[in-house]
Each structure stands twice: as C-alpha cells, then as structure tokens.
Amino acid sequence: MRSLILKDLILNKKFLLWMGLLYFIYVAVFGSRIDNSRVTTFFVTFLCFVMPVMIFTREEKFKGTVLVCSLPATRKQIIMARYVLGWLLMLGFFVLATVAILAVPGSKLGPENLLNARTLIFALVLMALYFAILMPLLVRFGMVGFFVFLISMQVLGFVTLALASQSALKLNIRSSIAAIKNAFISLNSNLGAPAYYALLIVVMIALNLASFACSVSIFKRKDF
Amino acid sequence: MANVLEIKNLCKNYGDFALKDVSFALPQGYIMGLVGPNGAGKTTIIKLLLKLINKDGGEVRVFGRDNIMDEVAIKSRIGFVHDTPYFYEQLSLKNVKATVAPFYRDWDDGLFYRLLREFNLPAKKLFRTLSRGMKMKFALAVALSHHADFIILDEPTSGLDPVFRRELLAKLSALIQDEKKSVLFSTHLTSDLERIADYITFINRGEIVFSAAKDEILEKWAVVKGGNDLLNEDSRSFFKGIRKREFGFEALTSDAVEARRRFPKSAVIEKASLEDIMFYLTRGANHA
Chain A
1 MRSLILKDLI LNKKFLLWMG LLYFIYVAVF GSRIDNSRVT TFFVTFLCFV MPVMIFTREE
61 KFKGTVLVCS LPATRKQIIM ARYVLGWLLM LGFFVLATVA ILAVPGSKLG PENLLNARTL
121 IFALVLMALY FAILMPLLVR FGMVGFFVFL ISMQVLGFVT LALASQSALK LNIRSSIAAI
181 KNAFISLNSN LGAPAYYALL IVVMIALNLA SFACSVSIFK RKDF
Chain B
1 MANVLEIKNL CKNYGDFALK DVSFALPQGY IMGLVGPNGA GKTTIIKLLL KLINKDGGEV
61 RVFGRDNIMD EVAIKSRIGF VHDTPYFYEQ LSLKNVKATV APFYRDWDDG LFYRLLREFN
121 LPAKKLFRTL SRGMKMKFAL AVALSHHADF IILDEPTSGL DPVFRRELLA KLSALIQDEK
181 KSVLFSTHLT SDLERIADYI TFINRGEIVF SAAKDEILEK WAVVKGGNDL LNEDSRSFFK
241 GIRKREFGFE ALTSDAVEAR RRFPKSAVIE KASLEDIMFY LTRGANHA
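Residue numbers (my numbering), protein chains in the order written: chain A, 1 to 224; chain B, 1 to 288.
Fair warning: there could be bad hints in the mix.
Stated by the list, open to error - Quick partial rundown of chain A residues pointing at chain B, CB under 7 Å, derived from the structure: (1) Leu11; (2) Asp35; (3) Val66; (4) Leu71; (5) Phe122.
The set of hints was computed from the structure by calculation and includes no laboratory data. Owing to the predicted nature of the structure, the values given are computational and were not obtained by experimental measurement. Note that the Cβ used here is the ideal one computed from N, Cα and C, for glycine as well.
Just chain A, with the same shape it has in the complex (with noise of 0.2 Å):
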C-alpha cells in the first residue's frame, strides 16, 4: 500500500504542492472573513474534501488505473491506497486551512472558534460522510461520479425547498429535522460530551468501513 501512495504522491506532486498555496491563499482570504464557526466548517471541509476527488480523477485521466492494475498489488490494496490517502489529504488540507485562517490579521474567528472538540468533531463529521458517500460513486463512474454526487446534493436541497413550500408537508418536514436535531441534542446530554464524541467517530468509522467494502466490490468487477 505503501508504494501506491509513494506512487500518487510522486504523480501529484506539482499539482499538490499549487493546490496547496492556492487553498492556503483562497482560504485565508475568505475563511477569515465568516463571523460562524460552523459555517466555515461547512466551507473548508468541502474544500478539503474536492481535493482527493481531483487526485482520483487525475489518475483517470492519465489511464493510469490499467498500470496501477498490473503491477503486483491487489484490487482491494489499490482502493485502500486511495482511502487511507484520501484521508490523510482530508486531514492535512484542514489542517492548513485551519491555519490560514487563523494566520490572517484580523480574522473573525480564533482558536476558540474552531479549535475546540465539537467544532473539529463537526468537521470530521462532514469529511466522513462526504467522503463515505462519494468514494463509491467515484470509483464506478469517474468523474461523472462526482457530479453526479453535486447534482443529487442540489436535486435533494431544491426538492426539499420544493416539499417544504407546500403548506401541508412544511410542519412534517420541519418537525422530521427537529426531531434529528433533538435527538443528537438527547444522546449529548445522556451520553456526556466525551462518549457522544466517541460514539460519532465510531459511526463514522463504520460509515467509512461499509463504503471502502462497497468501493472494493466494484473496483473488483470493472474491466480495464
């Protein structure tokens, strides 16, 4: 597994290192301009999670998945190879965009802000469920994948908006997102901070564990 990221990370070496300055500057100059800590998480973790999505198509792009598929590692290596990667990618753009904002003289948000547990929990939060979800449809169509994943996200907000406007179904819809907003309020307080945290981290391991097998099932039975 190990070469398969030495491979990546050669193979993207360039363009991780503009991305980087790139994202550095964008974020720092936005990033730094929201007042809300959770909305900024919103923002940086999206970022940070397109930046895998670009790497993963490269490859695709360059048809580099039928000499990755030659050499000696298996299916399962090859797509492990691109979550433990995708993670540390995750990971590491949230780590400088973090700074970036903290760095810029003036921003609206602090340390307190956004280093604190529940706010770097959100964040973890966000990046696994992205993450878990796109990984599989990037693996199945490419980059189609991922529009199709932007387009679902914008059909699901517009339908949503849609439902919503109707008088009948506005309680339902309001009340549906209350009741899972209590309920995380509900396991906070009876579970305690520590636990609750913890047990977010594990679901979201095990969201992360049900899409790596989901993405191997089908990495296995493409043809190149």
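Given chain A, work out where chain B should sit, using these hints.
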C-alpha cells in the same frame, strides 16, 4: 519440464465477442508467440492473465499458482509490455521509474539505467514526448528491470521500425538463454515469430486453432499448389483453406505427409509459413 503458464478452458464473454474454452501451456524457458488476426482475442487473453479483466470461466495458473489467489506474488515475477504503454504521460522517465520501482522487491536500478542508455532513452525526458517506438523501448526497460521470470508482451512490434524490431527480438532471444525466463509474445506479425518463437499458439475468433512447437507446425503444415482438376469433394475436405484461381488452386493442409501421398507428382507441395497458415485459416476458406 515445468510450465510457466497453464490456461485451461478460459472463457470471457463480451456479448459481441467471446473467448471460448481457451487452453494452452507454455513450458519454462521458451518463447511462445500468440498469433492471430486483429480482434482474435490475443489482448483479451493477456488482460485475463494480468487480471485486468474478470474471467467468466476457466483457470489460469502462472508459475503453478492461481493467478487470482496469488496475484501479488505472481505479478512480482512478471514483466509486461502493453500494446499501448500506459505510463504517466506528464512524468519524466526517471519519475515514472520512481512510481513503478517500489512495487518490485527485485528492482535493479543499475540495470534500468543501463537499459535506458542501451535504448538511447534520456532519463529526464518526459514520457509524453517519446515516439511510439521509444515508449515501447521504455516499457521493455521497465519490464526487464526487476529480473522478471516471465515477460508478457502485447503487440510490442506493431508500428515499430524494422531496426528496433530486430533489436527487440534479439533482446528477447537473449533473455531466455538462462532457460529460466519465459516470454509470451502476442502479435499479428508472423515474421517476428518465425525468427524467435519456440511455440506458437494460434487464435482466431476467440478460439484456439492450434498450440504447438513452431518446428512441429512448420513441418506438418504445407501449401499445396495444383490444377483445378485435383479439386473434388474429398480433396476439398482434406484442405483447411483453399484459394481457387482461373488456372489452378492453392490450399493449406495440416498434414504434409498425407498431401505428398495423395498428390505425389500432380501438385507442388511447399512448406507453409506462419503467414500462409494465418491467411488460409482466417480468410483462405472464403476464397474457395
């Protein structure tokens, strides 16, 4: 003698094309030519060997081991050259090497750079700037640099100039001199195989027509040339393919001894080249 490769009843169905019950074996220390017209199934067999595509049935054993169960161990000892070299276009040759070398325990950097010099390939040159011939040379350098015991080449000589074709064939011949290394070499250029192959496996429309030692094939198969009066129902069924002309016919037989017995003086019987065999078996019958 141990077989480096054993394929039994291998099947793959694409809908519009199917590989049907393909079986053959390659003994260790020899070169086998996998020959057939374009679209016969040569690349499909090689892709199945390397597990680039999934089989629908059958068994592939390399070094006596199942190619699915022992994939990594087997691939560590295989050097491959695809018909289109799929290396990363934007990297220099040195960096392509850096992406591939860590996968092989026996990678030999000294040998790699020696081969680059031998093939006149500058290590700092970008892969995308190479000509097709140079890309093939580079793929061969990579395939040979980890002391692979089994080299698989898919149409390596098509589109190459005659000088490098000869160099490549000489390299492959030299490679098997230690009697440990083996080569499977797919091509539709039969002249290449006549130069270096020890065994020939002929495939057409997804089916194996024959798989045997080259000398045995060239001894058994013959082209018979004679007047049209020799053609009757019995002789037609004896031939594998017939090309009929106004003043006579040319036909292929897989039994040269029987042909000499049947037509002792009335026909000219010549040794068939691999090209003759391929021509008559794939198109010749249509001319009958």
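Here is what the structure says about each hint:
1. Leu11: holds, 6 Å
2. Asp35: violated, 42 Å
3. Val66: holds, 4 Å
4. Leu71: Given a least distance of 5 Å, the restraint on Leu71 (chain A) holds.
5. Phe122: violated, 37 Å
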